[in-house]
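Asks: Read off the chains here:
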Amino acid sequence: MKQNFRLFFCWAAITVILLSSTLTPAYAFEPKDQNYYERFQGKGISISVYNWGEYICNGGDGLMNVNEEFTKLTDIKVNYTNYATNEELYAKMKSGGSNYDVIFPSDYMIARMMKENMLAPLNHENIPNASYINPLFHDNSYDPGNVYSIPYTWGTVVIIYNKNKIKEPIESWQVLWDERYKNEILMFSNSRDAFGIALKALGYSLNSEDPKELREATDLLKEQKPFVQSYVMDQIFDKMEANEAMIAPYYAGDAISMMESNEDLAVAFPKEGTNLFVDAVCIPANSDNQEAAEMYINFLNEPKVAADNIEYIGYSSPNLAAFDLLDEEIQNNEIIYPSMEILEQSEQFINLSDETNLRMDQLWTEVLASKGSFLSWGFAPVVTILALFATKNWMKYNRRKKRKRMVDE
Amino acid sequence: MKVKATASPYLLWMALFIIIPLGLVAYFSVTDRLGNFSLENYRASLAYSPVIFNSIWLAIIATVICLILAYPLAYNFSRKSANHQRTLILLIMLPMWMNFLLRTYAWMTLLENNGLINRFFGLFGLGPFEMINTSGAVVLGMVYNYLPFMILPLYSVMTKIDHSLIEAAQDLGCNSIQVLKNVIIPLSMPGVTTGVTMVFVPAVSTFVISRMLGGGSNMLIGDLIEMQFLGNAYNPNLGSALSMVLMVIILICMALTNMFEGVEEKEGMLL
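Heads up: the protein sequence lines correspond to chains A and B, in order. Residues 1 to 409 (our numbering) make up the first sequence, in order. Residues 1001 to 1271 (our numbering) make up the second sequence, in order.
This is chain B alone, in the form it adopts within the complex (with noise of 0.2 angstroms):
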């Protein structure tokens, strides 16, 4: 009871600011401009589905990519002294201080046409290589803006992974290849889910990436939410359904992760 009573304001607040709008969001979604009921904005939103699957795309690749630079670097902080482990994480969080807005805003001034990459390997006689408003840019720019959320949870779950456990793997003979897949791998397991999960919603949904390094021609689904919300036809019930479907895409995603680590965990109770 004493529990119930504290958590209150909380839960108040939840109701308030999380289920009422996402109650909103799902009235908007199944009504036309004049409030009747209706199914037309998500028969609307397929036509969409190119946009849809393209940022689902995009942000699987940029997923991908963070999984494949965050492993082994968290791997090798969580090996190294405290006080090392301390200043790298340090350096992760860093660039994380500044505005995101501006870090992006940077990147522009990178890959322009006549941006400081293309002026260095024209130095060469290179180039102009075309960078920017490509689809690369944009999975660029969500690997660069989000690598810090699958670093730290792969960083706190790798830290806690006993030395002794590779060492006894090592000592029954497994070589390298075995420790990492027998040892390693499934003992960082939730790190791996989570890292995903933090990496892959915000990714699906982005739009200032997409509008800034995309040139507007790569659209995805949060520009199109956005479009019509603030755009010319302000259309906020076919915005709502969209909204919805992104939502229900996640929780698919977050589903598959999620059915991933309770193999997991079933496999670690066995043993």
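The following block holds chain A by itself, in its conformation from the complex (with noise of 0.2 angstroms):
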């Protein structure tokens, strides 16, 4: 009985070995500075990393995995997790309970997260590789120096339109208003994205904390509304594909992936400027192991990690020597890497003041549920109808119990 289970644990050990190498190629990664890395070797230290949905190349496609990487190469282990969106990752820190090393939160939100020391202050000696950030980066308007932060990706929002059926150039914002594609604009779904686009249509910039200018964005979101077909963030990649909707503003790294899969579709820059969102690495203040955490995150970017990581998200890379690995196809593609001119042109999201942001989301729901406004017409009825129901119970249930009491009696 042993023997078999030996033979048995044998022969799986062997399957494993074989799949395993047939399915991920060794691969050797080595980087410049080993010694660096092995600092940690032997102590059992582990990280949390809290990352986006598939934000880091997991092997395949001959591509590295990682997480995987690393551990082999510093002996750290990765709790590796996932978050949807900014929101999320947020709130998740806010209640507390939970303990991450190394964050990847976007632009608007480091910010916030700094205001609020919820991140500590990196140590740049322990990060040589920072210094392959392109100089573009290096004073964001959300953390000028990037002394909380080193950026990860980047990229900017454009509209993503069907040139099938939409023949004419498109040079503005304007295009997402325009009668004629009624019921075939998709449109962002959160606030802080369909505000930004309003604003830069009206002229001002995205982080406008002016009410009045708000206001005004939120009147030509309202007009917006009649031809918005619906309010999207991720089913944006379906209906585009399935040629559902005409005309959406999106991710530019998205919209190659969608471009895939439909060919009819194309991406314009609109003239007003667009915003240039970066989501960038992040250590929060009450990680554990910072030296570790910034270990990781210096691997993230040697060359080679960047570059396969940018290959496998289609993002834009901020990494300099990444940029310099990767395929002249994708360094030329204009959406990836929009020109210098229309960078100029574009914003980053800044964080806005607790007020502005409340203000927003209000002006967000009066947008959205300006059109099913039934309290202009159903209260009434509705409200008449349940008095009357209630009413008539009551009474009925009141005369019950009298009579009751006089058959008691």
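Wrong hints could be hidden among the right ones.
Said to hold, decoys possible - Straight-line alpha carbon distances no greater than 27 angstroms define the calculated DSSO-like cross-link-like pairs of lysine-lysine that follow:
{"no.": "1", "chain 1": "A", "residue 1": "K404", "chain 2": "B", "residue 2": "K1181"}
{"no.": "2", "chain 1": "B", "residue 1": "K1181", "chain 2": "A", "residue 2": "K392"}
{"no.": "3", "chain 1": "B", "residue 1": "K1181", "chain 2": "A", "residue 2": "K401"}
{"no.": "4", "chain 1": "A", "residue 1": "K396", "chain 2": "B", "residue 2": "K1181"}
Said to hold, decoys possible - Just the calculated beta-carbon pair ranges, DEER-fashion:
{"no.": "5", "chain 1": "A", "residue 1": "L320", "chain 2": "B", "residue 2": "F1120", "range": "52 to 60 angstroms"}
{"no.": "6", "chain 1": "A", "residue 1": "V407", "chain 2": "B", "residue 2": "N1182", "range": "19 to 27 angstroms"}
{"no.": "7", "chain 1": "B", "residue 1": "V1248", "chain 2": "A", "residue 2": "N134", "range": "48 to 56 angstroms"}
Hints were generated in silico from the structure; no laboratory data involved. A virtual CB, placed ideally from N, CA and C, is assigned to each residue, including glycine.
Can you join these two chains into the complex? Each is in its own frame, and there are hints to help.
Replies: Structure follows, in structure tokens:
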């Protein structure tokens, strides 16, 4: 019996080895500075990495499995989990309970976390590879000098449209207000991005805190509502790929993947300028393993690692050494790496005051609730019916009680 | 005493996972960001009354449609032979074995402008009809998802209605409308109230259905609460206040339906 078991075990091990060797080609990653990565060897350290879904290379296609390689190199275990939105990350961190060592918030969320002392300042001596970061991203408006964050990916918000159905060139955000495309327009369902577009269309900054400008943007968004087919985030992939809608604003990196599945799609940069977003790597203030986390960040910025990552994610890389490793086709892709002219026009999100955030959410609800406002016509009848119903039953109930008392007596 | 001892784990469970969280929600709803007492959240939630009424309205419509659809169906089922009943109830339960999200997602594919239904009509040169992203689609999603919750309580009450009662009524000269009005409806009232509660409560607080089928432009109170916790503003205080408002609305509605049931019980006792 025992013999059998051992034999079985042997076979299982061989199968696993064979399988793994065929599935993932042995990957020997050798960094420049091997010693740097060996400091924590044998200490049994583990770090918790909290990242967006599908936002790190997990092997396959001849690319490396970043987390596995990191563990192989440094002997630091990586507990890897996912979140779907910045707000989810924020809520998780705010509610406490969970301890993360590496997180990947976007620009405005970094600014908010900085303001609320949720991030630890990085020790740049431990992250020598930060020198590869494009100088363009050294002075981000959310975190000047990259004190708390190292840019991970970036991209722009672009207009994606079906070139078979829309023949004329698209130059401006105004196209999202074009009556001819009624019910063919998709719009962001998150307030910040939607207001960003409206503010840009009006020629204001997308970080405007002026109540008057926000009011104007609200009115503009309300004006747009009859033309909008639906307010979406990720459903946009399905809808644009299936020609369910003609035109939509979305992130450039995702536009590329949509264009791969639907050849009729094209991308335009509006002349008013757009949003330049950056997702960056940060370390929460309550991390217990800051040095190990910094080592992880440094590893992410190894040119080969960053190149594989960006190839997998499909967004744009701020890492110049990684950029050099990419295919020429990608390097010259105007959508992923737009010209300086476009970048100069675009603007980054910064954190807004609590007051403005609250106002924006209120105004956004006003926009979304404006069509179906049942208060205007339906409130009175429903309340009347309910009241009639209630009084009728109450009277009936009382009558029965009285009668019951009479019977009892 | 014995009963209490065995019940203690459940009491502890309830205290830990129901009472304390509820208390926390109540506490959050009457404090501001800094933890000071304030009724500002309730005042702010007034501004969202259109959304609140919209969700109540849609939930009422969905509940009524569910009741109208489910009532004859449940009655029909209850009069079938036991074998048939089992098969039919299995058929009702069958869609529920699939994930709720998936079922709603499937409706998206059906209702879209290039969806299956419109393509079918397109064969005859009709349409395309605008079906998705309307309040009608939201109601459809609610009815579809919550109909079993109406059928099952109605069915279980109606199987208990003795057929001899119906026959007796007929013998005494009732026509079918009178039988329905004087025998079947009063006897099935407990099922109606349970069914109404079980459909109305999830329908009024849903947020997935309105997002998927309403195209984001038919905002319901569930969306609103979700937005306060996972949205841009991150305002758990306002979110808690809205949850309390929703809870009060549900309580009022349940009280209304219970009152209805109360009347019938009294009536039954008197007879």
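Asks: Are any of the numbered hints broken by this structure? If so, which, sorted upward?
Replies: Of the numbered hints given earlier, the structure breaks none, since each of them holds.
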